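> Sequence:
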Amino acid sequence: MSQPIVCANPSAPPRPQGGSGARVIVAPKFCAPYPVDLKFTKSMDGNFIIKDGEGNVLFKMSTPIRGLMTFHVKRIIWDTSGTPVLTLRRKNMSMHDRWQVFSGKSSKQRDLLYTVKRTSMVQLSAKLEVFLAHNTEEEICDFIIVGTWSDRSCAVYSSESPDPIAEMRQKRRVMSVLFGTHNYIVRVHPNADYAFIASLVLILDYILWTAIDTMHFATMVALHHVTPGVPTLTSIVIPAIIPE
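Sequential numbering of the sequence shown, starting at 1284, is according to our numbering.
Some hints could be false.
[What the hints assert, rightly or not] When the alpha-carbon atoms are kept at most 27 Å apart in a straight line, the in silico DSS-like pairs for lysine-lysine are as follows: (1) Lys1312 / Lys1343; (2) Lys1334 / Lys1312; (3) Lys1357 / Lys1391.
[As the list claims (entries may be wrong)] What follows is a list of derived Cβ distance ranges for each label pair: (4) Ser1436 / Val1356: 18 to 26 Å; (5) Thr1431 / Pro1311: 20 to 28 Å; (6) Asp1362 / Asp1328: 28 to 36 Å; (7) Glu1420 / Glu1337: 15 to 23 Å; (8) Lys1391 / Gly1338: 15 to 23 Å; (9) Ser1390 / Glu1422: 33 to 41 Å; (10) Trp1361 / Ile1468: 16 to 24 Å; (11) Pro1367 / Ile1468: 23 to 31 Å; (12) Val1340 / Arg1452: 14 to 22 Å; (13) Asn1466 / Glu1421: 31 to 39 Å; (14) Asp1394 / Lys1312: 14 to 22 Å; (15) Gly1336 / Glu1420: 13 to 21 Å.
These are computed hints drawn from the structure, not numbers from a lab. If you're wondering where the values come from, they're calculated on a predicted model, not measured in any experiment. Backbone N, C-alpha and C define an ideal beta-carbon position, used for all residues, glycine too.
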């Protein structure tokens, strides 16, 4: 994996403490002094269940149904008690696929925790920058996500260290691919905020699969226009695949 772009920020405020060496982004309870494994399972409806290495559910992610007057994509992360932990909101018409992450179920600016955006509009690899709420000028990022689209893997780096604070890989299964489900395994290193890491993986997942859907659509449109006899998109029927 390629090395991160180091974006050291000497003017960053002191680290809030959630234990020795912890960097709290969401809440102290999400910072552990030991590695935490997160297992993401995506269902066909686009929602996620996130478990720890022992199989205990930590979070659930739901995508609210958008109304006619709602222009932003929203994803809400809930804990096991049904309390909203984070709201992920994608800003439409943004140049670099900008996401804002808010505390709880809020979308108010005073509850903004951090912003995530692509480093450029066209990317051959996955590269996202994270800016904490106090970093309003956004000249130097606080975190960066570096990965590859091809193998669906990435690592998250703090601007303060060349060592990753979390690493992700996709767990590929034939049935998962056939039925539209996707599984990720993330190793969160000690003292990193695993709720924060979970939100970054969910944002990356949306960006990745939106890009794939766009490429598929463009390919089918191109085939329809240049190849005689190729059916239109509206006439294509995909046969159902029933597991044995």
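> Please go over all the hints and tell whether each is borne out by the structure.
Now the hints, each set against the structure:
1. Lys1312 / Lys1343: Between lysine 1312 and lysine 1343 the Cα gap is close to 17 Å, so the pair holds against 27 Å.
2. Lys1334 / Lys1312: holds, 16 Å
3. Lys1357 / Lys1391: holds, 13 Å
4. Ser1436 / Val1356: 18 to 26 Å: holds, 24 Å
5. Thr1431 / Pro1311: 20 to 28 Å: Between threonine 1431 and proline 1311, where Cβ atoms are some 33 Å apart, the hint is violated.
6. Asp1362 / Asp1328: 28 to 36 Å: Check failed, 20 Å falls outside 28 to 36 Å.
7. Glu1420 / Glu1337: 15 to 23 Å: With Cβ atoms ~42 Å apart, the hint is violated.
8. Lys1391 / Gly1338: 15 to 23 Å: Check failed, 36 Å falls outside 15 to 23 Å.
9. Ser1390 / Glu1422: 33 to 41 Å: violated, 25 Å
10. Trp1361 / Ile1468: 16 to 24 Å: holds, 21 Å
11. Pro1367 / Ile1468: 23 to 31 Å: Given about 25 Å between the Cβ atoms, the range holds.
12. Val1340 / Arg1452: 14 to 22 Å: Since valine 1340 and arginine 1452 have Cβ atoms about 21 Å apart, the given range 14 to 22 Å holds.
13. Asn1466 / Glu1421: 31 to 39 Å: The hint (31 to 39 Å, Cβ to Cβ) holds, given that asparagine 1466 and glutamate 1421 are roughly 33 Å apart.
14. Asp1394 / Lys1312: 14 to 22 Å: holds, 18 Å
15. Gly1336 / Glu1420: 13 to 21 Å: Cβ of glycine 1336 to Cβ of glutamate 1420: about 39 Å, so the range 13 to 21 Å is violated.
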